[in-house]
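*Asks:* So the chains spell out like this:
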Amino acid sequence: AQSVTQPDIHITVSEGASLELRCNYSYGATPYLFWYVQSPGQGLQLLLKYFSGDTLVQGIKGFEAEFKRSQSSFNLRKPSVHWSDAAEYFCAVRSNFGNEKLTFGTGTRLTIIP
Amino acid sequence: GAGVSQSPRYKVAKRGQDVALRCDPISGHVSLFWYQQALGQGPEFLTYFQNEAQLDKSGLPSDRFFAERPEGSVSTLKIQRTQQEDSAVYLCASSPLGSGGRNYNEQFFGPGTRLTVL
Chain H
1 AQSVTQPDIH ITVSEGASLE LRCNYSYGAT PYLFWYVQSP GQGLQLLLKY FSGDTLVQGI
61 KGFEAEFKRS QSSFNLRKPS VHWSDAAEYF CAVRSNFGNE KLTFGTGTRL TIIP
Chain A
1001 GAGVSQSPRY KVAKRGQDVA LRCDPISGHV SLFWYQQALG QGPEFLTYFQ NEAQLDKSGL
1061 PSDRFFAERP EGSVSTLKIQ RTQQEDSAVY LCASSPLGSG GRNYNEQFFG PGTRLTVL
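Taken in sequence, the protein lines are chains H and A.
The numbering of the first sequence is the numbering used here, which starts it at 1 and goes up by one.
The numbering of the second sequence is the numbering used here, which starts it at 1001 and goes up by one.
These are calculated hints, taken from the structure and not from any lab test.
Take the hints with a grain of salt, since some may be wrong.
Okay, the calculated bits of chain H under chain A, using three or more residues with CB under 8 angstroms as the criterion [unchecked claim]:
{"#": "1", "segment": "72-84"}
{"#": "2", "segment": "91-105"}
Dumping the calculated SDA-like pairs for lysine to any residue here, alpha-carbon to alpha-carbon at most 20 angstroms [claimed, not checked]:
{"#": "3", "chain 1": "A", "residue 1": "K1057", "chain 2": "H", "residue 2": "N99"}
{"#": "4", "chain 1": "H", "residue 1": "K49", "chain 2": "A", "residue 2": "K1011"}
{"#": "5", "chain 1": "A", "residue 1": "K1057", "chain 2": "H", "residue 2": "K49"}
{"#": "6", "chain 1": "H", "residue 1": "K49", "chain 2": "A", "residue 2": "S1031"}
{"#": "7", "chain 1": "H", "residue 1": "K61", "chain 2": "A", "residue 2": "E1044"}
{"#": "8", "chain 1": "A", "residue 1": "K1011", "chain 2": "A", "residue 2": "Q1054"}
{"#": "9", "chain 1": "A", "residue 1": "K1011", "chain 2": "H", "residue 2": "G98"}
{"#": "10", "chain 1": "A", "residue 1": "K1057", "chain 2": "H", "residue 2": "A1"}
{"#": "11", "chain 1": "A", "residue 1": "K1057", "chain 2": "H", "residue 2": "F97"}
{"#": "12", "chain 1": "H", "residue 1": "K68", "chain 2": "H", "residue 2": "S26"}
{"#": "13", "chain 1": "H", "residue 1": "K49", "chain 2": "A", "residue 2": "E1044"}
{"#": "14", "chain 1": "A", "residue 1": "K1057", "chain 2": "H", "residue 2": "Q2"}
{"#": "15", "chain 1": "H", "residue 1": "K61", "chain 2": "A", "residue 2": "E1106"}
{"#": "16", "chain 1": "H", "residue 1": "K49", "chain 2": "A", "residue 2": "N1105"}
Sample of chain H residues lacking proximity to chain A, with all beta carbon distances greater than 12 angstroms (derived) [what the hints assert, rightly or not]:
{"#": "17", "residue": "S18"}
{"#": "18", "residue": "K49"}
{"#": "19", "residue": "T55"}
{"#": "20", "residue": "E66"}
As the structure is a computational prediction, the values presented were derived from the model and not from experiment.
Positions of the beta carbon are idealized from the N, C-alpha and C atoms, including for glycine.
Construct the complete structure from the given sequences, taking the supplied hints into account.
*Replies:* Given below as structure tokens:
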């Protein structure tokens, strides 16, 4: 069965600092990978997705993620965070064929300090 | 265009009551998903429709949970005899259908319905 681990429950960074959120997955083959962001009272918004090809994926709002097969990781990065980036971030995995359900990690809450 | 909408946004129920949660997917989206998000947790899959066919209901936690999508568009998630452990945010998502068995499309999420069972 597929699973996702987000080891950091809560991360605090200063505005303008760089950010890396960790995500490790468990899946028998190369999965489809996603990062979603959730602001309070809002639904999930897709930041970026990986299906195949280039392992460095660019997303919206200046985010990027790198798929590393050898480490079963798909970490999210941003070179300089803004106060508006404060939110909950979820990594998710999906089978690459057939069943389309998403399996999410438990999320990382990001706090930005001035 | 309009995104996925859900109603009501908030629902308070007394233990033992039945509730019905509605999801309006993006027009033309064939796939529809329900997820349950408990406080402080990530969303967990409940069930999946392709048009009106319920292809996967493996995530429904008990037989008190029932979902339908009779005409292949609007979906309703019904919870009978609600319990306190049913308190959560219920998220609906929709997606266009892929081709050739592989779907490279993302799922678009609604704002969710927050259910509180007292």
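*Asks:* Run every hint past the structure and note whether it holds.
*Replies:* Do the hints match the structure? See the list:
Chain A is given as covering the segment 72-84 of chain H, and this is violated because 0 residues of the stretch bring a CB closer than 8 angstroms to a CB of that chain, at least three being needed. Counting residues of the segment 91-105 of chain H whose C-beta sits closer than 8 angstroms to any C-beta of chain A gives 11, which meets the bar of three, so the coverage hint holds. Proximity of K1057 (chain A) to N99 (chain H) is assessed by CA-CA distance (about 11 angstroms); at most 20 angstroms being required, the pair is judged to hold. Simply put, K49 (chain H) and K1011 (chain A) have alpha-carbon atoms about 33 angstroms apart, too far for the 20 angstroms limit, and the pair is violated.
With a C-alpha separation of about 25 angstroms, the suggested pair K1057 (chain A) and K49 (chain H) falls outside the 20 angstroms cut-off, and the hint is violated. Straight-line distance between C-alpha atoms of K49 (chain H) and S1031 (chain A) comes to about 18 angstroms, which keeps the hinted pair within the 20 angstroms bound. In summary, the hint linking K61 (chain H) to E1044 (chain A) is not supported, as the alpha carbons are separated by about 26 angstroms, beyond the 20 angstroms threshold. For the hint pairing K1011 (chain A) with Q1054 (chain A), the CA-to-CA distance comes to about 25 angstroms; that exceeds 20 angstroms, so the pair is violated.
A threshold of 20 angstroms between alpha carbons decides the hint, and for K1011 (chain A) with G98 (chain H) the separation of about 34 angstroms lies outside it, so the pair is violated. With a C-alpha separation of about 16 angstroms, the suggested pair K1057 (chain A) and A1 (chain H) falls inside the 20 angstroms cut-off, and the hint holds. Annotation: proposed proximity of K1057 (chain A) to F97 (chain H) holds, straight-line Cα distance about 18 angstroms (limit 20 angstroms). For the suggested pair K68 (chain H) and S26 (chain H), the alpha carbons sit about 12 angstroms apart, so the restraint of at most 20 angstroms is met.
A C-alpha spacing of about 19 angstroms is found between K49 (chain H) and E1044 (chain A), which places the hinted pair at or below 20 angstroms, so the restraint holds. For the given pair, K1057 (chain A) sits about 17 angstroms from Q2 (chain H) by alpha-carbon distance, which is consistent with the 20 angstroms threshold. Of the pairs offered as hints, the one joining K61 (chain H) and E1106 (chain A) holds, with about 17 angstroms between alpha carbons and a cut-off of 20 angstroms not exceeded. The hinted pair formed by K49 (chain H) and N1105 (chain A) meets the criterion: a straight-line CA distance of about 10 angstroms does not exceed 20 angstroms.
Distance check for S18 (chain H) against chain A: the nearest CB is about 24 angstroms away, which clears 12 angstroms, and the non-interface claim stands. With a least beta-carbon separation of about 6 angstroms from chain A, K49 (chain H) fails to lie farther than 12 angstroms from that chain, contradicting its non-interface assignment. At roughly 16 angstroms from the closest C-beta of chain A, the C-beta of T55 (chain H) stays outside 12 angstroms, upholding its exclusion from the interface. The beta carbon of E66 (chain H) sits about 19 angstroms from the closest Cβ of chain A, which is more than 12 angstroms, so the claim that it is off the interface holds.
Hints 1, 4, 5, 7, 8, 9, 18, counting from the list given before, are not met by this structure.
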